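Residue numbers (our numbering), protein chains in the order written: chain A, 63 to 189; chain B, 58 to 197.
It is worth saying that the hints were derived from the structure and are not from the lab. Quantities reported herein were computed from a predicted structural model and do not represent experimental measurements. Don't be surprised by glycine CBs; every beta carbon is placed ideally from N, CA and C. Heads up, some of the hints might be wrong.
[As the list claims (entries may be wrong)] With beta-carbon atoms standing in for the labels, derived distance ranges:
1) Asp148(B) with His79(A): 44 to 52 Å
2) Gln106(A) with Asn177(B): 21 to 29 Å
3) Ala173(A) with Asp148(B): 43 to 51 Å
4) Gln82(A) with Pro147(B): 23 to 31 Å
5) Gln78(A) with Pro147(B): 36 to 44 Å
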Amino acid sequence: MGDKPIWEQIGSSFVQHYYQLFDNDRTQLGAIYIDASCLTWEGQQFQGKAAIVEKLSSLPFQKIQHNITAQDHQPTPDNCILSMVVGQLKADEDLIMGFHQIFLLKNIDDAWAYTSDMFRLALHNFG
Amino acid sequence: MTKSESKNILSGEDPEWEIWEQIGSSFVQHYYQLFDNVRTQLGAVYIDASCLTWEGQQFQGKAAIVEKLFSLPFQKIQHSITAQDHQPTPDSCILSMVVGQLKADEDPIMGFHQIFLLKNINDAWVCTKDLFRLALHNFG
């Protein structure tokens, strides 16, 4: 872990933090968004910390557990970090489902925040 | 490319797309068309500052990226997009996420996940970041 590029360390640290919050107390997720943040959740857009937190808090499950299969991180030209996560999740007693999520992490006044967040369940239309 | 041609039929949304959705979806369609039919032409969407992460491996710059994509070990490939999302970024780039399925040669259909960061350079949109993963999970 010590010899990974800095963006991988920061990116993966945030990813771990995000899902820990999400799975245990998603009302706390507001801390990682700002007013300029934009969430696309299953195709719906939510602009700004308040709208994002409202959406995430109102998701219709009691229990949720994310399991990360793979994650990739890249630095961007403007010193952001782009993170891609492929994984599986289980909500309440529903079946395990695959999901895909990406984050754009930006450093603002020495604090990192997610300015972009996009989530999709891996539900394909077969045939 | 007209709005009706580029409309994501799964979105069911108002056809008055934002400009980044138009540009993003146009790029995505173009990318997979090239990839599936003549991936030797893919170099045109990358620049020397581009970076590809393919199944966890990093490739820096147009030449290295093109070499990797050319050398992928299949004759035929077909991508099918299940869903795509686009967002503008703080520095006027476009971030695109694609979830879909692909079939290489006679292999079983597999899910994939890909993201593109698009940047406008001299009036042309190029891909500066490309990240690709097959949706292969370790069950249990």
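Comparing the hints with the structure gives:
Here the CB-CB span from Asp148(B) to His79(A) is close to 24 Å, at odds with the stated 44 to 52 Å. About 26 Å separates the C-beta atoms of Gln106(A) and Asn177(B), a value consistent with the hinted range of 21 to 29 Å. Roughly 18 Å separates the CB atoms of Ala173(A) and Asp148(B), a value that falls outside the hinted 43 to 51 Å. For the pair Gln82(A) and Pro147(B), the supplied restraint of 23 to 31 Å holds, since their beta-carbon distance comes to about 26 Å.
Roughly 24 Å separates the CB atoms of Gln78(A) and Pro147(B), a value that falls outside the hinted 36 to 44 Å.
In the structure shown, a violation is registered for the earlier hints numbered 1, 3, 5, in ascending order.
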